[in-house]
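**Q** Here is what each chain is made of, one letter per residue.
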Amino acid sequence: DAEITQSPRHKITETGRQVTLACHQTWNHNNMFWYRQDLGHGLRLIHYSYGVQDTNKGEVSDGYSVSRSNTEDLPLTLESAASSQTSVYFCASSKGTDTQYFGPGTRLTVL
Amino acid sequence: QKEVEQDPGPLSVPEGAIVSLNCTYSNSAFQYFMWYRQYSRKGPELLMYTYSSGNKEDGRFTAQVDKSSKYISLFIRDSQPSDSATYLCAMRLPSSNTGKLIFGQGTTLQVKP
Chain P
1 DAEITQSPRH KITETGRQVT LACHQTWNHN NMFWYRQDLG HGLRLIHYSY
51 GVQDTNKGEV SDGYSVSRSN TEDLPLTLES AASSQTSVYF CASSKGTDTQ
101 YFGPGTRLTV L
Chain H
112 QKEVEQDPGP LSVPEGAIVS LNCTYSNSAF QYFMWYRQYS RKGPELLMYT
162 YSSGNKEDGR FTAQVDKSSK YISLFIRDSQ PSDSATYLCA MRLPSSNTGK
212 LIFGQGTTLQ VKP
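Top to bottom, those sequences are chains P and H. Note that the numbering used here has the first sequence beginning at 1, numbered continuously upward. Note that the numbering used here has the second sequence beginning at 112, numbered continuously upward.
If you are wondering where the hints come from, they were derived from the structure by calculation, not from laboratory data. This one's a predicted model, so the numbers in the text were calculated from it and none came from an experiment. Not one of these hints is a red herring.
EDC-like, lysine to aspartate or glutamate: derived pairs with alpha carbons at most 16 Å apart:
no., chain 1, residue 1, chain 2, residue 2
1, H, Lys211, P, Asp54
2, H, Lys153, P, Glu3
3, H, Lys211, P, Glu59
Generate coordinates for the entire structure from the input sequences, incorporating the hints supplied.
**A** Right, dumping it as structure tokens:
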């Protein structure tokens, strides 16, 4: 069955370290999204991509970057992790304007 | 002011109660409205999807959109303990190819047996 996976599911890192969160989908969806979820803020869009080599900044993109080298993957990189980036991160994908399907999430703690 | 406002709750109801969850929004251009359900430590999943104004019913769930008031609602009839989750409203513009969504903060619902 087609699916969307995220790894790792849990990550603890130190301030200043570079961290990469993986997202992989097997639906062949052209659109992929990264969100963070924090209490009181709901889901906030970090970056998104409409296809290979396309990336766009979302609402809270500072300190994050993405690259899209193929259809299936959109890794999210925290260039220099900060305590304010402690959060739960969700990846999602969609075919055009259709339903977004979410991954299981990555719980990141920055100490 | 956030584009989409949702009371975070938590909301606690007895089993069998009718639940009303609501969101207000500021951008009158939103045309597509969704409700996602998120169980604890899981990713959100689409529950209801409506276009423009009106009602949509699916089993015990009814989604209502009032564009004149910029207000959307999700009603759950005969609520069950399995309905305990966080409910997020989401909406998007009628753009040609973007699937970008704006989410509310989410309302946490607990249905007690």
